[in-house]
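Asker: The lines below spell out each chain.
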Amino acid sequence: MVHFLRNKNVTIIMVFALLLLSVYSIISFKLNLGSSFYDSTALVLELSETRATDNVRAEVNNLVRLSGIEKEGLASFHIYFQNLTLADKAKLDSNLPQLFPSLISSNYFAYQPVREQLIEERIMIVTSILSFMAMVYAVFKIKNVGLTRLEAINFILNELVIVAFMFIVLSGFIALSGQLGLIMDFPYFTMTLSALFIILAFELYYLFKFQVTAREQKKYDLTQIETKITTLYWPEFMFLLSITIVVFFIPWLVVDVNLAISSLQILVSILLSAYSFFVLRAHYNKIELINLPVIKKWKFLHRNW
Amino acid sequence: MKRSFFNLLLWLVISVFLFTIAFPTITLNINGENLRLKGWDPKDVNTNSVFQEFTFLPSLDLQGGQLATLNVDMENVPVEERDNKLKEVREIIYFRLLKTNPGYFEIHSSSDAASQTYQLHLKLPEKINEDFLNLLITPANLTFWVEDSEALAALDENEAVSDPFAGRKASSLTNDDIESVNVISDSRCYFSDPSTPRNFCLMLTFKPESKIDFLDALYASPTGQTPLLMVVDGIPIAVQAMGQFYSGSQPDRELMIYPGITDSWIATSVLGAIVSDRSLSTNVTISNMDTLEPLLGLNTLSNIKISLFAAVIASAVLLYIYFRKRSVSAILALVLFVIYDIALMKVFNLMLDLPLITGFMASLITFMFFIIFLLYRIRTYSKGGLGDEELFEVWEATKKNYRDLTLLVIIGAFVVSLMAPIFVINFYNGFGFGIIIGLFIFYFPLKHILGLFFNRDEKWSIF
Chain A
67 MVHFLRNKNV TIIMVFALLL LSVYSIISFK LNLGSSFYDS TALVLELSET
117 RATDNVRAEV NNLVRLSGIE KEGLASFHIY FQNLTLADKA KLDSNLPQLF
167 PSLISSNYFA YQPVREQLIE ERIMIVTSIL SFMAMVYAVF KIKNVGLTRL
217 EAINFILNEL VIVAFMFIVL SGFIALSGQL GLIMDFPYFT MTLSALFIIL
267 AFELYYLFKF QVTAREQKKY DLTQIETKIT TLYWPEFMFL LSITIVVFFI
317 PWLVVDVNLA ISSLQILVSI LLSAYSFFVL RAHYNKIELI NLPVIKKWKF
367 LHRNW
Chain B
819 MKRSFFNLLL WLVISVFLFT IAFPTITLNI NGENLRLKGW DPKDVNTNSV
869 FQEFTFLPSL DLQGGQLATL NVDMENVPVE ERDNKLKEVR EIIYFRLLKT
919 NPGYFEIHSS SDAASQTYQL HLKLPEKINE DFLNLLITPA NLTFWVEDSE
969 ALAALDENEA VSDPFAGRKA SSLTNDDIES VNVISDSRCY FSDPSTPRNF
1019 CLMLTFKPES KIDFLDALYA SPTGQTPLLM VVDGIPIAVQ AMGQFYSGSQ
1069 PDRELMIYPG ITDSWIATSV LGAIVSDRSL STNVTISNMD TLEPLLGLNT
1119 LSNIKISLFA AVIASAVLLY IYFRKRSVSA ILALVLFVIY DIALMKVFNL
1169 MLDLPLITGF MASLITFMFF IIFLLYRIRT YSKGGLGDEE LFEVWEATKK
1219 NYRDLTLLVI IGAFVVSLMA PIFVINFYNG FGFGIIIGLF IFYFPLKHIL
1269 GLFFNRDEKW SIF
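Protein chains in written order, with our numbering: chain A, 67 to 371; chain B, 819 to 1281.
Pulled out of the complex, with its shape left as it was, chain A reads as follows (with noise of 0.2 Å):
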């Protein structure tokens, strides 16, 4: 399987597929923000007897699907919808009675939920001045290790482009999730922090992992470098995977049904840093991005970095 998948024109072809597909994903689905991040329609139902919050839940969705509920009390709950039409309210008005006997009194409310101020710029700003961080962090991590300046920049470049293929085909997932029905608000955000958090954590441990095997080469050679750190690691890095299975990704899956669905993130995220791992450096990282002929005369490109 791992050799079917080495192969180098089933990597270029899952590349572009993945890549196709999650651009594609993006653009059309786009996010199913939720009632945290929009306004919505609240229904509050309030009933004479206690009613578990997960059963009301389920007998809601299966007749409209809702984006929230909350319990207050003992037996009061406030639903969120978005995007409620006439005929839900209807099909919903003429079915509560039935789901729920001891059913008082049902109102809609238009939910306007205070949003912090200029979310999206301010994720903007905190993300590249941090990318911006990790990437010094990184020159300076592969300094001194035997490699020239344009091999640095070089290095830096393909690993820039691996996190970005990463980056774009998770983004293809959560859209394609949203598409799916799932509802996104905070705690769905909170996984897809976590997954690029494991992405990052195994782009770190490939850099340590390049930094050692680096300088015990007398010689820079990518491909010969790319070749020990797979031959050499990978039962190291197949270990690293599976506590991060065992401690990122299982627990979620016992504690609630949608923090399981949600954590389906992290598994893509694992899934791929395993990917990038095995078979996508084996071929991409002998590609100089920077190998013009102008630019490689430059001599201060050649000193040792």
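Calculated pairs, EDC-like style, for lysine to aspartate or glutamate (alpha carbon to alpha carbon, straight line, at most 16 Å):
#	chain 1	residue 1	chain 2	residue 2
1	B	Lys905	A	Glu182
2	B	Lys1123	A	Asp322
3	B	Lys905	A	Asp105
4	A	Lys209	B	Asp1222
5	A	Lys207	B	Asp1222
Since the hints were derived computationally from the structure, they do not count as laboratory data.
Given chain A's structure and the hints, the job is docking chain B onto it.
Answerer: Chain B only, in chain A's frame:
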């Protein structure tokens, strides 16, 4: 990296001490009686301690809280302006709450034009004090009353004692003239007896353009016997503190106020919050107050605790299967990491929500990555155990990489705390605390543990 019994004993004592803080609350039923086991808090030692508890703050998503529903009276507001008015009221109450610093809270609005119902929903992870909430939703029309020399001359003694407004007139100062309000502790904040100042007072700063009006009000009392009176919604609630003197030539825009309410930080800050912003132009009343179930489900927190505990045990088992007897140092480091990190987060009273837990897990994974690097390096270095210098070299190389990462995380914390949304900040809190604790373990206890188990000259050596 030789064995030092003194150091090992010291870290054992520290670890036991931190374990008593990190210990989770467990209720046991023995012979029909509930026995509650929990970690210790400063208040168990000293009831007057500034820090009362070593505990996680509750969060709405995992522990639930309270929901207060507020009705906003829109009867006198034109129909087309009601939605905007509701947003305005929500904003004013939001900022008032923010200034009282109640920790995490949410406030949302809902409306139903057909039934003319306009509501605000305030969610707090902790119990809401109804008295303070009632004060927070008052209109807070602010006026300052100054001495009226003509009325004062005609005043009889009984009237002066019974009526606080007697001999006074309203100045032109209102809410709109105030720039900021701060809660302060200052020995000048007394009313008549300098030896009994209040613990908490208010410092009002007027806007630069209101300075002339402020000075007019300040100097309106020619005898100095009738200080400025602060009136909120027609009720006299505070007076000018008598300990604050003005030079006369350069008086500033600040006024120290002596409130006539309970002398506590929370009461004074609530008063400060309502006078520091616009007044509410509509009537807001509490409609209902009730408990709110955890937003992520009733048993989610206990399930997370159990599954995380199982995950840590499973990782220890995996470590043992993979590294066999060499895993003992890694498992010890893992246990120390969990104890130290939980203890530190409890000491700092972090809010126990989903992002914090995932941040903690991220730091745990990072720490384990480095511990596994270290074990690999030790294993590949020598099959027959390491000498003192060799072991130091291996430890130093891994520690250096971890230290650099910690520095990066600390610098990142400045950016995140300034700009990131709240759930990212909470994730980063969990992550950052763990990373720093990991560095601490690398620098101190781990050094001694490695010396004990991997130094070939030690009798405890497991090679």
